[in-house]
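A.B. asks: One-letter residues, chain by chain:
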Amino acid sequence: MLRPRQGHVLVVEDSDEDFETALDASRLANVINEIRRAKSGDECLEHLDDLQRHGYALPILVLLDLNTPRGDGRDALRGILQKERLRAIPLVVLSASSNSRDVRFCYDHGANAYHLKPVSHVQHLRILQSIFSYWLTSAILPEHEGTTRS
Amino acid sequence: MSDEPVVVSTSLPWGDGPYSIKRHGVSLTTCESEPTRTPGCIQSHGVLLALRPSDLTILQASENTASFFPSSPEALLGQSISLVIGQDRLPQLRELLSGQTVECSVKHAFSMLAMDGSTTLDVSMHTNGGVLLLEFEATHHNAEHDDRDYFSIVKSAICHIQAANSLQDFCKRVTEEVAKITGIDRAMVYRFHPDFHGEVFAESKRADLDSLLGLHYPAEDIPKQARDIYKRIWIRPLPNAAGALVEMTPLANPDTGRPLDMTYCSVWGASVMYTEYLANMGVLASLTMPILVDGELWGLIACQHNSTIYFPHQMRAACEFLAQVVSLQLKTVEQGEQLIYRLRLDGVHQQLVARAAQSGDLMALSDSHPSLLDALDASGAALFHLDRWWCSGKTPNETQLDELAEWLNGCSEFDSATRPVFATDSLARSFQPGAAFADVASGVLAVRVSRKRRDLILWFRPECIQTVNWAGDPSSKPVTVGPNGPRLSVRGSFELFVESVHGRAAPWTTLEVDSALRLRMLVMELVVSRSERLAELNADLTRSNDELDAFAYVASHDLKEPLRGIHKYAHQLLESAQLLDQESRTRVENLMRLTVRMDSLLDSLLHFSRVGRTTLELEAIDLNEVIDEAMEMVGSRRSDCTLRVDVPRPLPTWRCDRVRVREIFTNLISNAMKYVHGTSPHIAIGYLVPGEVGERPNAPAGSLGHTIFYVKDFGIGIETRHFEQVFRMFKRLHGRDEFGGGVGAGLTIVQKLVQRHGGSVWLDSIVGAGTTFYFTLPCGDEASTC
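These protein sequences, in sequence, are chains A and B. Here our numbering is used: the first residue of the first sequence is 79, the next is one more, and so on. Here our numbering is used: the first residue of the second sequence is 419, the next is one more, and so on.
Treat the hints as calculated values from the structure; they're not laboratory data.
Ranges of calculated distance between the beta carbons of each label pair, as one might list FRET restraints:
#1 Arg105(A) x Arg1067(B): 55 to 61 Å
#2 Leu966(B) x Ile218(A): 41 to 47 Å
#3 Val1014(B) x Ala166(A): 34 to 40 Å
Covered stretches of chain B (chain A as the covering partner; in silico rule of three or more C-beta atoms under 8 Å from a C-beta of chain A):
#4 976-984
#5 1016-1025
Quick caveat: nothing in here was measured; it's all calculated off a predicted structure. Glycine included, C-beta positions come from ideal geometry on N, C-alpha and C.
Can you build the whole structure from these sequences, using the hints too?
C.D. replies: Encoded structure:
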């Protein structure tokens, strides 16, 4: 098994319940990385901007809910795609929408994976766990520049 | 006949020498070659002298000088004119020659007594190309003429003519006034058509004469040379067509060697053809005046008398003046008439389009009153609209119309940016098959009234021969042989003429073509405004589709978020609250089950809302592959079931949307699987081509012409009264968890998908024996091979 990576995970989620589920899943998956939260697409972009401006390390994974208020997941995707240094961050979309247009949009705009949020809590946890274990341990991610200060 | 004849002088009877009617006129067989402006002869009632203007020496004299003067022509030649008119008139003549413009313009010079003293002579003069022509005519005094005040007569005539309220009325009044002034038997306005055949347009006559009104005459009856002369002169008198011809001596001008140009002479020698022509009509005298509009010969004021009649110079001057006034006035009258016609055309066309706008259909143009025929002067009209013909009046038959329309649609005229109109007065000349219906449609005026569809409006006119009242019926009246042999008699050239107007209709005027174009604009605007309305509706539809999309999105996402929360808390409650009793646990479990069910309902709703709107991607699909895929999808859901699927014969390759047809089969198969029973459950999938033997129970009327597909199960069956309900959204006939559950959207989606392919779906069922779902996919019937 590969050694878990250093760095934080950014979860873009406006629903408290769903964020809590993400935290639960991260515990179940033994994730040691810090989980940070942005409540909207705009907040996500602001956060990334801040990190860049101060030379801090960027998140090693962004979990993105597609439908958030105040700049949704699509805006976040567009914003990240526009900035060359952010493009390398793995972006995993979690959405309640199975609309093929949404799926297409996300992959077109640099998403690395698209997952449905099931209503069933158990399934929801299972999906999140598998995302964490895949992206934080199995997959090889690019090295990020900047000071590692988590 | 309208072209300048090519004359090879050596082939003519008079060779290179000057022409004389008297010597050569009789030998002519056609009018074309006759030099009518230099006839070499004059009428015998007058005397003509040609002088050198510089010294007033007589160069040429008519042979009949002795009838007025005691000298033979030979005795006068080379002499001063004073020998004829006396020394004392020379200054007067010189003054007239230098003062007024007499070049090609005849002036009354003076009156004098003939040598015998019994006759007063009117002397008129004009110059033409360096020759001075003096004409001497007996005045033919009578008390009535002498006392007439021509100024007042012409003045009141003009007043009378100007009061006319139509072109017809105007011309009728002209004939009345001319008859009154001249006292002639018959005065007519003869109107030329564009091909120069003519028609007696108005007439005033002696009561006992037969009317010629409305009769048409071939163009050859007034040949081009004659028409050219009428563009130069204002009056042509012929007091006695039977009178002798008098030759000029010499025939050629000794100074120049040229024959004498008599275009402007009132004693001009008339062609034998003309005098014979008149004789055949029983006419002995004629007086003709041109009607010129914009320099072109519009028509003639043609007068005929059955006995000899003299036209004193004052009377001629009055007629000449009247002809000039008529010419000036006629354009205004004609324009007025055209304006009225134009207003009528536009008025009716606007009415037609207004009604078409109301009824939302162009049929109104042809099938009610007023119709297309009430406006434009045509004998038939046809409208091609909604893929069929709407005809009124006399038109070619529909097969002929189809053929014509196909040819017309290829015509470049319709591509013109400014005048997209086709107009012909002889269809068969450009469209050979048109000869078959030349009798009803030699004239065609056509406009296309839609850009994409091939909608046309056509007007038809029959060939002229069908409508025109020809003077003299060639079939009943043999060619008249004139006194000089079977040459041009009244109807001699008729056969030739019929040939030239064969398959020709009255031409469409600019006004009519313009009006057709305006109608086209109106109809196009109508169509455009309707398509704008359609575009608006489409925009509305897109908007409401977008709203529906947004709603479905809200349903799928925003409604699911709290649902996920509820499920989560229920789950946590169940895990953490060990204290709960069994009943409470069951309730919480039900709560969780309901949220899952709510979730699948929302999914179905979202899916259904999208089914109707996405565009189909039609391509040739092997339906056997589609069945295999569908089975795989269904099988993965129900791995516990060992289902047998019978496909009696391979399914055809079909033009359809692969993903959606697969969904149809997936839904029908999974539906069938739910209701099969027994130890070895099976279903059957097959199809029936049109006309093939096989049961098609409950098939809707429109489906029999199409291939019918079916999915048959041998399950529990459905009661007939529930047949309709099975297709309703979220309608289930059984308990929630019986027969494998499901939200009850599958068949609704099947119905929607089939409808999207233009087909219909229905079922037949026997309770306890099984159910068969039938459906058609008509979009593939034409393109596919079975």
